[in-house]
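We have chain F; now place chain Y onto it with these hints.
Chains as they are written, first to last, in the numbering used here: chain F, 1 to 137; chain Y, 1 to 134.
Because the hints were derived from the structure by calculation, they are not lab data. Check the hints yourself; a few may be wrong.
[Claimed, not checked] DEER-style ranges, computed between Cβ atoms: (1) F/G39 with Y/A54: 21 to 27 Å; (2) Y/A104 with F/H38: 31 to 37 Å; (3) Y/P51 with F/E45: 19 to 25 Å; (4) F/E108 with Y/R27: 20 to 26 Å; (5) F/D53 with Y/L20: 51 to 57 Å; (6) Y/N80 with F/D78: 45 to 51 Å; (7) F/D53 with Y/A19: 51 to 57 Å; (8) Y/A19 with F/E67: 57 to 63 Å; (9) F/Q24 with Y/R27: 58 to 64 Å; (10) F/P52 with Y/R27: 42 to 48 Å; (11) Y/N80 with F/T127: 25 to 31 Å.
Using N, Cα and C, we set each Cβ at its ideal position, and we do this for glycine too.
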Amino acid sequence: MLLTRKAEFSASHVCRNPALSEEQNRALYGVNANPHGHGHNYVLEVTIEGEPDPVTGMVFDLRELKEIINAEVVNPMDHRFLNHEVPPFDRTIPTTENIAVEIWKRLENRIALPNARLQNVRLYETTDLYVDFGGER
Amino acid sequence: MRLTRRYRFAASHRLNTEALTTEENARLYGKCNNPFGHGHDYILDVSVEGPVDASGQIVERQALDALVEQQVLSRVDHRNLNCDLAELKGQVPTTENLAFTIEAMLQRQWTFPARLARVRISETARNTFELETK
Numbered sequence: 001m002l003l004t005r006k007a008e009f010s011a012s013h014v015c016r017n018p019a020l021s022e023e024q025n026r027a028l029y030g031v032n033a034n035p036h037g038h039g040h041n042y043v044l045e046v047t048i049e050g051e052p053d054p055v056t057g058m059v060f061d062l063r064e065l066k067e068i069i070n071a072e073v074v075n076p077m078d079h080r081f082l083n084h085e086v087p088p089f090d091r092t093i094p095t096t097e098n099i100a101v102e103i104w105k106r107l108e109n110r111i112a113l114p115n116a117r118l119q120n121v122r123l124y125e126t127t128d129l130y131v132d133f134g135g136e137r
Numbered sequence: 001m002r003l004t005r006r007y008r009f010a011a012s013h014r015l016n017t018e019a020l021t022t023e024e025n026a027r028l029y030g031k032c033n034n035p036f037g038h039g040h041d042y043i044l045d046v047s048v049e050g051p052v053d054a055s056g057q058i059v060e061r062q063a064l065d066a067l068v069e070q071q072v073l074s075r076v077d078h079r080n081l082n083c084d085l086a087e088l089k090g091q092v093p094t095t096e097n098l099a100f101t102i103e104a105m106l107q108r109q110w111t112f113p114a115r116l117a118r119v120r121i122s123e124t125a126r127n128t129f130e131l132e133t134k
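Next up, chain F with everything else stripped away, as it sits in the complex:
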């Protein structure tokens, strides 16, 4: 069974590689390379796969899941400039792909029960763009 919990955070970022020229950055990242950054209302969907616990009837305690997502993702990232304030994005370019991988890393070990595991991280940068990451498989 799959269980999905949604969360939102608003953050700014800039996608630019300092080792590349202005033209190369522009070609790779388009307007996302504009030097002073810009922001998005990110929407995160965390999906857990598992079987309901026979005693509680739950795959995962939703209150605990909310607390984990807040502690690992929303609190550190919401209303922040990712490149300046949220490691590792001082050295990793905060593309949607890289943010999804980072969120996976932050959540994976905290969502690990005998009956339940993290199955997918879906991160919407806008309503028209999202990535799905299910770990390194």
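Chain Y in isolation, oriented as in the chain F frame:
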């Protein structure tokens, strides 16, 4: 990892097959068989699957957008799918057939290292067709 990008286009169509009689077409397709056709605001979701490259991306957005615009949107947006799309000639322009056609149109010029993983089309908010590519 999979990246999904959403596009929109408006098009008209009429569902009718020469394999059936006028009455049979009317019964089978209902309102979709009305003689002068009708239109939808379609939503096209294109999913790309592959590893993240050195730039931190599966695929460059601008290049993907340009391909979809050139191969698909410029051909179908504000068009009549029965008349204006050669690739659909001889087929009923159901959204099922449109999904296969759009997949082929994208694959024709697909040069990205990441693969085209899925074409999903919503004809209306209530009807969605999803094609996982092989």
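Task: Y/A19 and F/D53 - C-beta distance against the hinted 51 to 57 Å - done: Since the Cβ atoms of F/D53 and Y/A19 sit about 55 Å apart, the hinted range of 51 to 57 Å holds.
- [ ] May I ask you to test the hint 58 to 64 Å on the CB atoms belonging to F/Q24 and Y/R27?
- [x] Holds - the Cβ-Cβ distance for F/Q24 and Y/R27, about 59 Å, lies within 58 to 64 Å.
Task: 25 to 31 Å as the expected CB spacing between F/T127 and Y/N80, which holds or is violated - done: Cβ of Y/N80 to Cβ of F/T127: about 28 Å, so the range 25 to 31 Å holds.
Task: Range hint 57 to 63 Å (beta carbons of Y/A19 and F/E67) holds or violated - done: Taking Cβ atoms as reference, Y/A19 and F/E67 lie about 59 Å apart, which means the hint holds.
Open item on the list: Please check whether F/G39 and Y/A54 have a Cβ separation lying inside 21 to 27 Å.
Closed with: holds (25 Å)
TODO: Confirm or reject the claim that Y/P51 and F/E45 have a C-beta distance inside 19 to 25 Å.
DONE: holds (22 Å)
Task: Outcome for the supplied range 31 to 37 Å, where the beta carbon pair is Y/A104 and F/H38 - done: For Y/A104 and F/H38 the Cβ distance comes to about 36 Å; the hint holds.
Open item on the list: Within 45 to 51 Å: is that where the Cβ-Cβ distance between Y/N80 and F/D78 falls?
Closed with: holds (46 Å)
Open item on the list: Can you tell me whether the CB distance of F/D53 to Y/L20 sits inside 51 to 57 Å?
Closed with: Between F/D53 and Y/L20, where Cβ atoms are some 54 Å apart, the hint holds.
Open item on the list: Holds or violated: the 42 to 48 Å window for the beta-carbon distance between F/P52 and Y/R27?
Closed with: About 46 Å separates the Cβ atoms of F/P52 and Y/R27, which means 42 to 48 Å holds.
Task: 20 to 26 Å as the expected CB spacing between Y/R27 and F/E108, which holds or is violated - done: violated (54 Å)
Checked against the numbered hints given earlier, this structure breaks only hint 4.
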